[in-house]
Structures are given as C-alpha cells and as structure tokens.
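S.K.: With the hints as extra help, turn the sequences into a complete structure.
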Amino acid sequence: MKLNNLQVLRAIAAYMVLLAHIEDIEAKRGIGHILGRWTDIGDWGVDLFFVLSGFVMVLVSHHTLGGLQDAGKFLWSRVTRIYPLWWLCLSALVPIWLFRPQLVYGGTQQEISLLKDYLLIPKSESPLLQTGWTLIHEMYFYIFFAALLMIPLGERRRLPILILWGTVAVSLGLILNPSRGEEPVLRLLTHPMLLEFLAGAAAAFLWRSTRGALGVPALAVGAAALIIGMTLYVNGALGADSGGFITHDRARVILFLPSAALLTYGAASIELRQDWKLTGLPVSIGDWSYSLYLTHMLSANFFGLVWGKVAMPGLLDNAIALPAIMLGCTLVAWASFTLFEQPVTGQSKKLGQRIFGRLRPAAAQV
Numbered sequence: 112m113k114l115n116n117l118q119v120l121r122a123i124a125a126y127m128v129l130l131a132h133i134e135d136i137e138a139k140r141g142i143g144h145i146l147g148r149w150t151d152i153g154d155w156g157v158d159l160f161f162v163l164s165g166f167v168m169v170l171v172s173h174h175t176l177g178g179l180q181d182a183g184k185f186l187w188s189r190v191t192r193i194y195p196l197w198w199l200c201l202s203a204l205v206p207i208w209l210f211r212p213q214l215v216y217g218g219t220q221q222e223i224s225l226l227k228d229y230l231l232i233p234k235s236e237s238p239l240l241q242t243g244w245t246l247i248h249e250m251y252f253y254i255f256f257a258a259l260l261m262i263p264l265g266e267r268r269r270l271p272i273l274i275l276w277g278t279v280a281v282s283l284g285l286i287l288n289p290s291r292g293e294e295p296v297l298r299l300l301t302h303p304m305l306l307e308f309l310a311g312a313a314a315a316f317l318w319r320s321t322r323g324a325l326g327v328p329a330l331a332v333g334a335a336a337l338i339i340g341m342t343l344y345v346n347g348a349l350g351a352d353s354g355g356f357i358t359h360d361r362a363r364v365i366l367f368l369p370s371a372a373l374l375t376y377g378a379a380s381i382e383l384r385q386d387w388k389l390t391g392l393p394v395s396i397g398d399w400s401y402s403l404y405l406t407h408m409l410s411a412n413f414f415g416l417v418w419g420k421v422a423m424p425g426l427l428d429n430a431i432a433l434p435a436i437m438l439g440c441t442l443v444a445w446a447s448f449t450l451f452e453q454p455v456t457g458q459s460k461k462l463g464q465r466i467f468g469r470l471r472p473a474a475a476q477v
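Residue numbers for the sequence shown follow the numbering used here, beginning at 112 and rising by one.
Simulated from the structure, these hints should not be mistaken for lab results. Ideal placement from N, C-alpha and C gives every residue a C-beta, glycine not left out. Watch out, some of these pointers could steer you wrong.
[What the hints assert, rightly or not] Here are the computed distance ranges between Cβ atoms for each label pair:
id, residue 1, residue 2, range
1, Glu293, Arg267, 39 to 47 angstroms
2, Ile466, Leu230, 19 to 27 angstroms
3, Lys420, Arg267, 23 to 31 angstroms
4, Ala435, Arg268, 49 to 57 angstroms
5, Thr321, Val205, 45 to 53 angstroms
M.R.: What follows is the structure in structure tokens.
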C-alpha cells in the first residue's frame, strides 16, 4: 500500500528545504535577495520529514510481532536506502572541497572528519554535505526503532515505550543542555527534534485506530497551525536567537511539530476514508524527494553560479532565478532517482530477500 498523499508531502518537504537554502545561494552567487528572511520558513521541511519518518515507520512495522528477523529486515531496508545515495553525493563534493574549499558550505570548518561523515556519526560540526545532519537524526531513530522491534511486544505496546523514551531523552536534554561543539553524541541522544519522530509515530497509531475519521478537521487545524507557526518563526517571536532557554531547535519544534503532525495525519486520512488523493507529477516528485534533498545543495549552487554570471541586474532576472533553480534541481533529482537510487534500492531489496526472506512492502517510501 502506497499512500500518494504522503509522497506529495515528501515533495513539499524537499522543496521547502531547497527554499531554505536559496537565501545562502543568493548571497554567495550575487543573484540578489528575492524572498529575504521568508526563506526561513523552508526549515519546516525538515520537521515535516521527521514526522513523516515516524509515521511511516509505524505503518511498515504494524504487522510484525517483533524479533531479530523483523528488526534485521527493518534496519536493512533503512540502511540500504539512506547510505548509498548519501555516499554518492558526499563523494561528489569531496574533490571540490579538496581543491576549492571556499566553494563548499562548511568547507572551511574546523572539524572535518570524512570517516564520520560517511558513516553519519555525530560530531561537533555539520557534515561536509550540510544536509547530512538530518540523516544522523534519522539513523538514530531507526536504530532505536530496530532495537525495539527485536523485543516481541506487538504493535500496541510499542507506542508507550516510544513515548517514554522520548520523554526521558528530551527531559535529560533540558536538564543537561548539552552543547553541539563539546557533546555532539549526548546532544543527538537528547535532541528536542526527537519529539517529531514520536509525533509522527503517534499520528500513525491514531490513524490506524480511527481509520482516518478526523482527517478533514486535522487538515484545517494543521493549516492554521502552519500559518501561525511560520509567521512566529520568521519574526523570532519565541526569542530563539537570544541564547536563552528557548533555543532555535526548541522553538522550531514548538512552532512546527503541531502542523507537521496534523497535516500528515490529515493527508493520510482523507486518502483512506474519502479516497481523496493526488496523482501524477506531485507523487512522482515525492518518489524523487530523497534524491532532491541530497542533490540540491550541489545542483542549486551550480545553477546559482551559472545564473549569477549570465543574468542581468534587476528584479526580473532575480525573480526568474528562483523557479529556474528549482526546476534545474528537480531535473537533477529525477536523473539521480532514475539512474542511481531506484536501481540500487531494487538490488538491495533483492539481496535483502535472500538474507531475510521476503521483505514486506512498505506503506510509503521514506
């Protein structure tokens, strides 16, 4: 079972992240600011990705009783989806970093450990390919979820354990307040964005138990929460930049988690209950979303560099640059998905079937 609406949300999330990075590209390539600080709303894309991950993890595992084989199947499917394309994109960036580090976002940072970056091990600074920091969080969640699947508990007992784990971990983070620079592992283990994975998991349990009965109200409230959250976020209403108790990460969870969880539940619900689902290109872009997410830092900077050299000064050319860069990044993502990601994923599934037996189909791609 593939939920089209979740794939569309994945496409939206990927484009939001691209939007968030447009301002950096504008500044570096001299294109001129088009949206200004409103590109910050693109940060919501990461929060939506995390909620979607938690939601889908529950769906793909609901039929499992637990045990070593189920945990192995789950972790194999996650690792073989995350790492190959990550390795490809990171490897494409390494030669540029070696010869022109100033062209790489974060290429001049103090701690660069390619081994940690390739393995997605937390460190004091972001990976060389900046988007990798979210994959570190994803792998943390996957590893814990796989460990939970090793215990033959059944589906209904997993959610309370997930909630307990998240509550304890985030509470420790509030008490210890670990810094990224000095305690990267502890900071990861107690990070507030862990709550977004758990919110997605809780939304999936609710979706299954209610059969999507609350889909339309959830979409309405979620849309309102998104507008309010984005407005407050852009204007720094919670004082997230002041260095106080409400840090940037805590602020984005407070402002973005409700809308991401409600919209995810609502989108899945209207597809299940009313059979309202999107089809065509938006769903296809959702299939390409992981490729879009990882390749856009490379492709957007390239297209921005080209545009900065050929465009004429003025608002019109600047306004054309945004959709042109987004279109170029989409085409690169399609090529990446078609030529690399899809074939590698297919071969990995075949290998997994030989190792673990038949892999059960996922409810949606992650």
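S.K.: Evaluate each hint against the coordinates.
M.R.: Here is how each hint holds up against the structure:
no., hint, in the structure
1, Glu293 to Arg267: 39 to 47 angstroms, "holds (40 angstroms)"
2, Ile466 to Leu230: 19 to 27 angstroms, "holds (21 angstroms)"
3, Lys420 to Arg267: 23 to 31 angstroms, "violated (59 angstroms)"
4, Ala435 to Arg268: 49 to 57 angstroms, "holds (51 angstroms)"
5, Thr321 to Val205: 45 to 53 angstroms, "holds (48 angstroms)"
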